[in-house]
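Asks: Protein chains in written order, with my numbering: chain C, 3 to 176; chain V, 3 to 176.
These are computed hints drawn from the structure, not numbers from a lab.
Just so we're clear, the structure is a prediction, and the values are computed from it rather than from any experiment.
Listed below are the simulated SDA-like cross-link pairs for lysine to any residue, each with C-alpha atoms no more than 25 Å apart in a straight line:
1) Lys52/V - Pro95/V
2) Lys62/C - Ala168/V
3) Lys62/C - Ser117/C
4) Lys62/C - Glu151/C
5) Lys67/V - Val119/C
6) Lys67/V - Pro22/C
7) Lys62/V - Thr164/C
8) Lys67/C - Asp97/V
9) Lys62/C - Ala166/V
2 protein chains.
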Amino acid sequence: MALTAHSAEFDVRPGEQRLPHDPAARAPDAGLVFIGRVASPWTRREDCPKNTMEALGRGKTARLKIDEPYRAGLDGLDGYSHLILLTWLDRAPRDLIKQTPRHAETARGTFALRSPVRPNPIGLHVVPIVSVNVAEGIIEIAGIDVLDETPILDIKSYFASTDAIADATRPVKA
Amino acid sequence: MALTAHSAEFDVRPGEQRLPHDPAARAPDAGLVFIGRVASPWTRREDCPKNTMEALGRGKTARLKIDEPYRAGLDGLDGYSHLILLTWLDRAPRDLIKQTPRHAETARGTFALRSPVRPNPIGLHVVPIVSVNVAEGIIEIAGIDVLDETPILDIKSYFASTDAIADATRPVKA
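This is chain C alone, in the form it adopts within the complex (with noise of 0.2 Å):
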């Protein structure tokens, strides 16, 4: 597998791994449709916070911008307290199958970890709900971990009885 630098701003580095393809080139298995985009105080890669909770910590919050033919199915949102967002991560190259993490020694497969390069690039946050204008098609949560401008793929009520597991666990060393 070559080791060659894909971009500047995503360089392989030492036991990291490269699809024999890229995914982002290949003809696609199914198709998504945006729903709307992420309106986030962040705008360049190293200011954007790396997890969710590094996100709540900033105490800035951001607003999804749901289209109009989209908008109806906020109805009802407002009584949750959590929403899960998922995001395409369209910033993200999708051809790295290890990586090494940032302060990590050893490589590790993409699937043991969250970083944004992954075969589909799609983000998961877990944010609290400020609120919800269904008219609009606005909602503001507490926090954001993407760059201005991403784009929406869904948005799902949180359950804590499924969700929840706060007692999982990882390894010493993740």
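Given the structure of chain C, go ahead and fit chain V onto it with the hints provided.
Replies: Just chain V now, kept in the frame of chain C:
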């Protein structure tokens, strides 16, 4: 909005609302690749559990079969207790923006629900990992609420710190 039946399996109920277009018929904004398939005990919709909690209660494991090029991406996943599985619910219609769940009195927005019927039918499942075989591309999980041969889009490690909101609340009648 016409309330004609869409299919025998997904009748439109009172209060439900269709999109003005069918996302499945649109030119896609982005393309997905399938990285594998779920081997599930459920081959008929009427047998399939309606959510992960019900699936785990059935006591039947399932397997995630990952295609060869993507298997290296599983390295390190076995250190986690739970994973997040994203599936492509390829047998669900995509054009219903308000829906009346079974046993519910009124219709609600699709994004306030976890129905498989949504503009981008991406299924989100938090499940306990039983075992991971990287070389064969097989993950055994404790249970699943999708039909056999459902395509897999992504696997992510589950982090209680950002994904588990144990005190998240929902409407009393949700």
